[in-house]
Amino acid sequence: MTETTILATYGLLVMLTILLQVLGGMQQLSLGYLISSRDETRTVSGMTARIERALANSITAMALFAPAVLILVILDRTSPATLLAAQVFLVGRIIYLPVYALGIPALRTLVWLVGFAATAMLYLLAL
Amino acid sequence: MMPPELTVLVLAALVQVVTFVAYAIPANIELGSGYTMSARDREPTRQMSDRTARLGRAMTNMFEGLILFGIAALVIHTTNQSTGYTTLLAWIFLAARIAYVPAYAYGLRPGRSIIWVIGFGVTVLMLIAALF
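As given, the protein sequences belong to chains U and P, one line each in that order. When we follow the numbering used here, the leftmost residue of the first sequence carries the number 11, and every step to the right adds one. When we follow the numbering used here, the leftmost residue of the second sequence carries the number 4, and every step to the right adds one.
Hints in this document: simulated from the structure, not taken from any laboratory. One or more of the hints may lead you astray.
Interface residues of chain U toward chain P, partial, derived using beta-carbon atoms under 8 Å [stated by the list, open to error]:
1) Thr-14
2) Ile-45
3) Met-72
4) Ala-76
5) Ala-130
Virtual Cβ for every residue (Gly too), placed ideally from N, Cα, C.
Could you put together the complete structure from these sequences and hints?
Structure, rendered in structure tokens:
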């Protein structure tokens, strides 16, 4: 695995999260509502709401992680340290999804922090 | 010449800019610039029209789609994996995202969802192509 394959894999993880959110929305709001123009706001609850929040967080993380990886690759500054940081990020974010979906407190914050720190490390290594 | 995936990425970003303008102008008119320029500590007293709100949701959706597509396009480019197949997928993505905005504004049902699925599907295929 390289930093770029990790980035592409993370993209697929985010897309899986989107699919889970759609499936939950289908169950709670009906397919008819999902395909409508959603002029009236309806909200989900429980696990689907947690997946929705996990998704919002994952997109923020993605918008920060992707430039870091691409800067490292374009500047040719990848190293065992950057690979490790990218791997730590991916593992942290893979754990984050089920932990949030199941509503496990503390551990979720901890794995979020791991992903955040790994991203920050990538930027520091790019400088 | 710019690599095709990157050309499409720049065009897709411009679609986002156009969508933002298409949303921001009516939103400012309907909510009043007094509200939009404020710190927005409270909910607006006036309501947006359905069409403007739809454009706002189309824009939010485009952000997600654009970040995912951006990753796919840039990974494919930086790892020299561009082929006729990935280029075709990229152009389909662009066409779908252009069509998505009016489809949402006019409340096309189920057209909007079908268009969204097309954009989503080609992005998945591009990410998979980037991996193998």
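These are the hints, each one checked on the structure:
1. Thr-14: holds, 5 Å
2. Ile-45: holds, 4 Å
3. Met-72: With Cβ-Cβ at 6 Å, under 8 Å, it holds.
4. Ala-76: holds, 5 Å
5. Ala-130: Hint on U/Ala-130: violated, closest Cβ of chain P at ~19 Å, above 8 Å.
Hint 5 from the list above is the single one not met by this structure.
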